[in-house]
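A.B. asks: Next come the chains, spelled out residue by residue.
2 protein chains.
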Amino acid sequence: MTDTVERAARPTTSERYSGPPLAGGPGGPAELRRLIDIVLTSLVDGAAARGGPLPAGDPSELKREVLSSLGEVLPEEGAGPDVLGPLARMFAWGASDLADPAWSAHLLCPPLALSVAADVAATALNADLASWDQTPAGIVLEGEVIAALAELVGFDPATAAGVVTSGGTESNFMGLLLARDAVRPRHPGAADAPGPGGGRLKIFASRVAHVSVRRNAALLGLGTSAVVPVDVDENYRMDPRALHAAMERAAAAGDAPLLVVATAGTTDFGSIDPLREIVPIARAWGASVHVDAAYGGGVLFSDRLSGLLDYIEAVDSVSLDLHKFGWQPVGAGVFLARRAETFDPLAVRAAYLNPEDDEEAGYTSNLGRSLLTTRRGDVFKIAVTLRALGRSGLGALVDTCCERARYAADRVRAEPRLELVAEPTLSTVVFRYRPAQDDPVSSDRINAGLRRRLLRGGTAVIGRTDLTGEAGGIRLKFTTLNPTTTEADVRGLIASVIAAGVAEEEARCANATDNRSN
Amino acid sequence: MTDTVERAARPTTSERYSGPPLAGGPGGPAELRRLIDIVLTSLVDGAAARGGPLPAGDPSELKREVLSSLGEVLPEEGAGPDVLGPLARMFAWGASDLADPAWSAHLLCPPLALSVAADVAATALNADLASWDQTPAGIVLEGEVIAALAELVGFDPATAAGVVTSGGTESNFMGLLLARDAVRPRHPGAADAPGPGGGRLKIFASRVAHVSVRRNAALLGLGTSAVVPVDVDENYRMDPRALHAAMERAAAAGDAPLLVVATAGTTDFGSIDPLREIVPIARAWGASVHVDAAYGGGVLFSDRLSGLLDYIEAVDSVSLDLHKFGWQPVGAGVFLARRAETFDPLAVRAAYLNPEDDEEAGYTSNLGRSLLTTRRGDVFKIAVTLRALGRSGLGALVDTCCERARYAADRVRAEPRLELVAEPTLSTVVFRYRPAQDDPVSSDRINAGLRRRLLRGGTAVIGRTDLTGEAGGIRLKFTTLNPTTTEADVRGLIASVIAAGVAEEEARCANATDNRSN
Numbered sequence: 000m001t002d003t004v005e006r007a008a009r010p011t012t013s014e015r016y017s018g019p020p021l022a023g024g025p026g027g028p029a030e031l032r033r034l035i036d037i038v039l040t041s042l043v044d045g046a047a048a049r050g051g052p053l054p055a056g057d058p059s060e061l062k063r064e065v066l067s068s069l070g071e072v073l074p075e076e077g078a079g080p081d082v083l084g085p086l087a088r089m090f091a092w093g094a095s096d097l098a099d100p101a102w103s104a105h106l107l108c109p110p111l112a113l114s115v116a117a118d119v120a121a122t123a124l125n126a127d128l129a130s131w132d133q134t135p136a137g138i139v140l141e142g143e144v145i146a147a148l149a150e151l152v153g154f155d156p157a158t159a160a161g162v163v164t165s166g167g168t169e170s171n172f173m174g175l176l177l178a179r180d181a182v183r184p185r186h187p188g189a190a191d192a193p194g195p196g197g198g199r200l201k202i203f204a205s206r207v208a209h210v211s212v213r214r215n216a217a218l219l220g221l222g223t224s225a226v227v228p229v230d231v232d233e234n235y236r237m238d239p240r241a242l243h244a245a246m247e248r249a250a251a252a253g254d255a256p257l258l259v260v261a262t263a264g265t266t267d268f269g270s271i272d273p274l275r276e277i278v279p280i281a282r283a284w285g286a287s288v289h290v291d292a293a294y295g296g297g298v299l300f301s302d303r304l305s306g307l308l309d310y311i312e313a314v315d316s317v318s319l320d321l322h323k324f325g326w327q328p329v330g331a332g333v334f335l336a337r338r339a340e341t342f343d344p345l346a347v348r349a350a351y352l353n354p355e356d357d358e359e360a361g362y363t364s365n366l367g368r369s370l371l372t373t374r375r376g377d378v379f380k381i382a383v384t385l386r387a388l389g390r391s392g393l394g395a396l397v398d399t400c401c402e403r404a405r406y407a408a409d410r411v412r413a414e415p416r417l418e419l420v421a422e423p424t425l426s427t428v429v430f431r432y433r434p435a436q437d438d439p440v441s442s443d444r445i446n447a448g449l450r451r452r453l454l455r456g457g458t459a460v461i462g463r464t465d466l467t468g469e470a471g472g473i474r475l476k477f478t479t480l481n482p483t484t485t486e487a488d489v490r491g492l493i494a495s496v497i498a499a500g501v502a503e504e505e506a507r508c509a510n511a512t513d514n515r516s517n
Numbered sequence: 000m001t002d003t004v005e006r007a008a009r010p011t012t013s014e015r016y017s018g019p020p021l022a023g024g025p026g027g028p029a030e031l032r033r034l035i036d037i038v039l040t041s042l043v044d045g046a047a048a049r050g051g052p053l054p055a056g057d058p059s060e061l062k063r064e065v066l067s068s069l070g071e072v073l074p075e076e077g078a079g080p081d082v083l084g085p086l087a088r089m090f091a092w093g094a095s096d097l098a099d100p101a102w103s104a105h106l107l108c109p110p111l112a113l114s115v116a117a118d119v120a121a122t123a124l125n126a127d128l129a130s131w132d133q134t135p136a137g138i139v140l141e142g143e144v145i146a147a148l149a150e151l152v153g154f155d156p157a158t159a160a161g162v163v164t165s166g167g168t169e170s171n172f173m174g175l176l177l178a179r180d181a182v183r184p185r186h187p188g189a190a191d192a193p194g195p196g197g198g199r200l201k202i203f204a205s206r207v208a209h210v211s212v213r214r215n216a217a218l219l220g221l222g223t224s225a226v227v228p229v230d231v232d233e234n235y236r237m238d239p240r241a242l243h244a245a246m247e248r249a250a251a252a253g254d255a256p257l258l259v260v261a262t263a264g265t266t267d268f269g270s271i272d273p274l275r276e277i278v279p280i281a282r283a284w285g286a287s288v289h290v291d292a293a294y295g296g297g298v299l300f301s302d303r304l305s306g307l308l309d310y311i312e313a314v315d316s317v318s319l320d321l322h323k324f325g326w327q328p329v330g331a332g333v334f335l336a337r338r339a340e341t342f343d344p345l346a347v348r349a350a351y352l353n354p355e356d357d358e359e360a361g362y363t364s365n366l367g368r369s370l371l372t373t374r375r376g377d378v379f380k381i382a383v384t385l386r387a388l389g390r391s392g393l394g395a396l397v398d399t400c401c402e403r404a405r406y407a408a409d410r411v412r413a414e415p416r417l418e419l420v421a422e423p424t425l426s427t428v429v430f431r432y433r434p435a436q437d438d439p440v441s442s443d444r445i446n447a448g449l450r451r452r453l454l455r456g457g458t459a460v461i462g463r464t465d466l467t468g469e470a471g472g473i474r475l476k477f478t479t480l481n482p483t484t485t486e487a488d489v490r491g492l493i494a495s496v497i498a499a500g501v502a503e504e505e506a507r508c509a510n511a512t513d514n515r516s517n
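Residue numbers (numbering that gives the first Met the number 0), protein chains in the order written: chain A, 0 to 517; chain B, 0 to 517.
Bear in mind the hints are in silico, worked out from the structure with no lab data behind them.
It cannot be assumed that every hint is accurate.
No copy is singled out in the list; a pair is fine if it fits within one copy or between any two copies.
Listed next, the in silico SDA-like pairs over lysine to any residue satisfying Cα-Cα at most 20 Å (straight line) [said to hold, decoys possible]:
no., residue 1, residue 2
1, K62, G468
2, K62, L466
3, K62, E422
4, K62, G50
5, K62, T458
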């Protein structure tokens, strides 16, 4: 009898699964251990083959190399799991290595090993925050992480709310969206209804605010013309008098001031708009205030620097990005609203995700807080990092990076071949190489050229920006988000920049001479 | 001399980094190996402690357990890296295990070990698709993956374009957005400008289309009333005559038919709207066609089933989700447009990401194809999977899941206690438990109750939906996206459902008796 029962329960031969192993199930973790080991070895090999922060070569050469390693990406018959090692090696070789001290280009951090390891759990389990029954623990964790970050910002966690997002662009979208829908009839969300006073809705942001503000206004159907650029002071901070004047002008034209987007940490200078002055002005015109603290929000971890975000507790919503100061892999964005009811217009009911009777029974989720439906369990790596490092541990990393930026600024100032544009507020340093023939056109060519020369040589990855119409034209940028970078590394990076500048000048000179002699 | 140089190059003691290790740099992979090993062990331990697809208990009990494991999520002083093991174990215990054969609830797959392992490379490198200099290899890979998937859909990869997204909701947003902006002046993107004919823009989708269609219309400022629900046939497929009539009515009312959103694989029934009939109707009214193939797109991998998506090559844009049929961890969404110029309104120029002279020198990216700025390297895991399994390997997994769904439907039909609602088209099976007292109110209560009973017992995770106004009220759902599930597993799951239904009826009966005797 027992035999018969067992036979019935055991799958027949034809049923037995012989496909590629899953990450879950009884054999999953062992298979993962084997495959991840291959990936980690490939990361080492790929980095060694790269031999610097970027592989040397022109984009076309790099492309050729990647394509030849890849082969046909979707063949009729698969090439089998053995492709993993070579492809991971190629991907690591063809990477831009954020952990290399000569990488100093963007507001993106080299992530902590702890966070990357934690993320394996979320990925292997394919934790989806869309509904309770897809990750009960994840739903609870998100509530705790949001409450802790709301408290960090100075919101009352009992009445605030928030959600983990893919990053600052999505968080800023939510800030604009919820401001728009707060003045519109609930749910329909039609942008063609007039503003409360009958006029067009207007959003005020400093003219150095993130590119996503205008872009998001377009996505939301408000039009890019809804965004009014406000002038900045000499430190690239929104000028409160200019804000007042801009809002006054809009109101006089019959438009409805909807929202002020203040920036706490601009992309180039890390400058922080003066919230204590901005908030009362916004309120006086009936507008709410969203703070894009994607970059600068990290100073809240630091005792020494948190004063820079003075008065942030008074605003209506905030964007944070823990893949900047926070040392998380992408995505680790957070959107916070001071009042939970701000989210009401996003409420959604799906019979298969959050039926009312299930919610009453305690099976809740954050579905009505996110723009997405399926949403990866990024919250787990964030929770592990916050708990392991604590506020002071993260603050120490922020302090180190900001110190390193000040050191870099000092060294740039000391170099006659370089010109510092402004003292760093956070961890970015904007400067330029001063060519011998120092006119605007030559300066732009040499600076853009030397940066590409560094990329092509695989020597260094540094940032650039364009200040045309302000302090000049093309400028270079160091972004020090790597806490392991030493002062010696900074000196080495500066030496590379100068060497590339000199080489670029010589090459252009030789070119010009050649052209003349031809 | 040598000694002096070495000493100068070596960082001073005060500079030496003593913080938490990074995932990158010389020591990164070794540290990752150590920490990931802890995570993998915790996944095994957590799954053992869970002992089923979900931990047993009420949501409040589970929450208490998670909170007590977690402690304070953001303490002033960190608890140190040793929290990783216990937290990962808690997260795995409190998970909903997609790889468990008794998990059959949502359109989310248990991912392949290969893909999860590959993703570690993208996470450790923090590959960001926002600019060339953040992942040169990633930029090339995305181009190849998009071209291959465009070809799979039947688009000409030379003239098509696309982007990897977080999932179907974001992809569908793009479909609506680009249709809206195609009929609007370039860039401003103002939804309050009238449609081409001066009327309101209208979007037509079957009334069982995904919840994100209406929600996205609201986000875009078109208003939920812009979405016209179109009637379906008995197989829950959009009725072409109803579509024609709806478009005719809209045009007669002076509105502008903008877009038809066809669904290839509805959430409940997996039904596929008849594209060959829909496309000409849409074109006749001047509307474009977006196909939400987030679920059904996977049949393109299968020789046996790809005919179900007949004529998809003629539509304007398509959403795919490889975290459904595709066995990727979230996110693995794809948005494809038949003509690359569809993306023109999304074009963006940021001085720090894609300056013109850099692009001319070959340093390109997909920044102007995505709604996001920073975007994680999800493309790598996708590329590895496509290359390793090939079209036929993925097709075999799709076939297996669809076969298992047909088997489940047969077994449901054979059970007198159960009632099958419709034959499965893809891999979902909608049914209900037939209570002894079979009126609509009792049926709803018992079915919703038995599902929660299965969750509470940690026995099984099955889906539910609500067909009120159609075939009745609350219905249950199996979603067979786990190719390792055997026919014996299906029989076991059905037995669990019946047992839970019987227990639920008995409990309610006992309750009623108690109430009467009190």
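A.B. asks: Would you mind marking each hint as holding or not holding in the structure?
C.D. replies: Hint-by-hint comparison with the structure:
{"no.": "1", "hint": "K62 with G468", "result": "neither (36 Å within a copy, 56 Å between copies)"}
{"no.": "2", "hint": "K62 with L466", "result": "neither (31 Å within a copy, 51 Å between copies)"}
{"no.": "3", "hint": "K62 with E422", "result": "neither (38 Å within a copy, 48 Å between copies)"}
{"no.": "4", "hint": "K62 with G50", "result": "within (18 Å within a copy, 48 Å between copies)"}
{"no.": "5", "hint": "K62 with T458", "result": "within (18 Å within a copy, 50 Å between copies)"}
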